[in-house]
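Make a model of the complete structure from these sequences and hints.
Next come the chains, spelled out residue by residue.
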Amino acid sequence: MAEQALLSVQHLVKRFGALAATDDASFEVRAGEVHALIGPNGAGKTTLIHQISGAMLSDAGTVHFGGQDLTRLGMAQRVQAGLVRSYQITSIFKRFSVLDNLVLAVQARRPGLPSWWRAALRDEAAYAQAQGLLARIGLGAQADRVAGGLAHGEQRQLEVGLALAAKPRLLLLDEPMAGMGPDESERMVALLQQLKAEGLTLLLVEHDMDAVFRLADRISTLVFGRVIASGTPDEIRAHPEVKKAYLGDEETEAAL
Amino acid sequence: MTTRTSLLHHRGQRRWIFWPLLALLAALPPLLTAIGLEFYVGVASRVLIFAIAASSLNLILGFGGLVSFGHAAFVGLGAYTVGILMDAGVASAFVAWPAAMLVSGLAAALIGAVSLRTRGVYFIMITLAFAQMFYYLMVSLKAYGGEDGLPLPARSALAGFDLKDDANFYWVALALFAAVMLGLQRLVNSPFGWLLQGAKENETRIGATGGRVFALQWQAFVLAGAIAGLAGALLANLNGLVTPHLMHWSQSGQLMVMVIIGGAGALWGGTLGAAVLLLLEELLSGYTLHWQMALGLVLLAVVLFAPRGLAGLWRRARHG
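Sequence lines, in order, name chains A and E. Note that the working numbering has the first sequence beginning at 469, numbered continuously upward. Note that the working numbering has the second sequence beginning at 120, numbered continuously upward.
There may be inaccurate statements among the hints.
[Claimed, not checked] Cut-off 35 angstroms, straight-line C-alpha distance, at most; resulting in silico cross-link-like pairs (DSBU-like, lysine-lysine):
| id | chain 1 | residue 1 | chain 2 | residue 2 |
| --- | --- | --- | --- | --- |
| 1 | E | 319 | A | 562 |
| 2 | A | 664 | E | 319 |
| 3 | E | 319 | A | 635 |
| 4 | A | 562 | A | 635 |
| 5 | A | 711 | A | 664 |
[Said to hold, decoys possible] Simulated restraints, written as ranges between beta carbons of each label pair:
| id | chain 1 | residue 1 | chain 2 | residue 2 | range |
| --- | --- | --- | --- | --- | --- |
| 6 | E | 229 | A | 487 | 53 to 61 angstroms |
| 7 | E | 240 | A | 581 | 27 to 35 angstroms |
| 8 | A | 706 | E | 240 | 48 to 56 angstroms |
| 9 | E | 278 | A | 585 | 40 to 48 angstroms |
| 10 | A | 557 | E | 124 | 43 to 51 angstroms |
| 11 | A | 585 | E | 232 | 34 to 42 angstroms |
Worth flagging that the hints you see were computed from the coordinates, not collected in a lab. We treat Cβ as the ideally placed atom computed from N, Cα and C, and that holds for glycine.
Shown next as structure tokens:
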């Protein structure tokens, strides 16, 4: 380990009855890298994401982030530490405008109790930050549209924007390309490449192997709740166990 | 610079409506007396008191999305606080009314701490269960009248301002109503109010961005309870009697009906609902004992044709 690990997951376990959805999973994400977590259907990616983000507590093992032990902390505290996730199923404020969405996210991120008295509409700091995010995710022209009326790809972009509002040091992206057409995927890849260039650390869970191999610096492969391999895309491509795990999955085999 | 707008902002009424309306309401007692209808000053006070109670429920139900079916418990606890203090010789409104808010707020703090861990139907049932617990507690307390209730020998004392006079009492209720409404408008449009509305729309997202949903909802629940306690303190004074019936589940239901008819999540929803419901009751009960049937039809019509309540109709009429 030449480089410092920003996120270190060690021996995590999560059992549902007799089933160990996460079974002694360990891997590390280095600061500044795009790290992809892949695995066949049912490998336990979603459960592992829940454990890392704090939506679900682990039965055993540890989660360290930036040297701090987060294993026993809830989601809100992990967000305050800089570990932020986006959702596989779009989770935005559908009835409010795009700008409202971002302002809400900025206000939610602030530590301490929100004011009961100041006018939120005059919250210049929050609006300035929200406008910045709007430009970053490329939805500037959609600011006043009701979020529920956006196209699917735009809603996914907003989803990333809401996660960015939480000022992450590491952004956990749960299938950001889910359900997207080729054009929308292309725009999302560009957005993620831009975030990578800004120096943000990304942990990417994704089924779209083209996107994974284009974006990832390193890849970890999860099979039956266990990380069977971590390495560069070339190392993962050549790894015999990874090939075995994906055997029969033609699409992925082709990408490998 | 263009004016900033937001779907989270509730503008309330324009100044040219609000202040003249307030002036008109303030002039109501002499106007009613002049035409020989001074009896209706008491009815007007009743409307204001229920407008306060319904608006406090609207904060958690309409803006917070928390369907509490036990809000009458906080009204009743406020009323009993005033009654019991007076029974013990404490008649000052400056002591008894804040005490009523405190007792109701504390009860809300406890009930909220438990029930806010549940959602949906479970939240409805658990708030209902807590309210019924308080109802049966007061029924069983024979020292304070049990089922018959506790009569108040006099109205609270307000430093030289004679509350025995119905017009004076009405003005005090009006002043408190105005203060509550201005305060709620401020609150709903603050970052706190926005996050509360955001949590109603998407609780998970507020949490995933670092917001503390439980703390937000709990604080709103406690505040709503305290305001309902103030309404209860006023109601005890208006009725001259405090009974367990104030806490009965049907009273919680009536407050919910007010909020739904008026417009859940609209700033003036609780007020509109309280006014329409109580005035309709006053009007119809003069003609028939079965006035509640007509009320049922009104409720049905609102739910079918104006799902956002009367306040929603008003908005649609103005904005096309």
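Results for each hint:
1. E/319 - A/562: 11 angstroms, holds
2. A/664 - E/319: Holds - the C-alpha atoms of residue 319 of chain E and residue 664 of chain A are around 33 angstroms apart, at most 35 angstroms.
3. E/319 - A/635: Holds, at about 23 angstroms.
4. A/562 - A/635: 22 angstroms, holds
5. A/711 - A/664: 28 angstroms, holds
6. E/229 - A/487: 53 to 61 angstroms: Violated, since residue 229 of chain E and residue 487 of chain A (Cβ atoms, about 39 angstroms apart) do not stay within the stated range.
7. E/240 - A/581: 27 to 35 angstroms: Roughly 30 angstroms apart at Cβ, these two residues keep to the hinted range, so it holds.
8. A/706 - E/240: 48 to 56 angstroms: Because 54 angstroms falls inside the window, the suggested range holds.
9. E/278 - A/585: 40 to 48 angstroms: Taking Cβ atoms as reference, residue 278 of chain E and residue 585 of chain A lie about 28 angstroms apart, which means the hint is violated.
10. A/557 - E/124: 43 to 51 angstroms: With a Cβ separation near 29 angstroms, residue 557 of chain A and residue 124 of chain E fall outside 43 to 51 angstroms, so the hint is violated.
11. A/585 - E/232: 34 to 42 angstroms: Violated - the Cβ-Cβ distance for residue 585 of chain A and residue 232 of chain E, about 25 angstroms, lies outside 34 to 42 angstroms.
This entry does not satisfy hints 6, 9, 10 and 11, going by the numbered hints stated previously.
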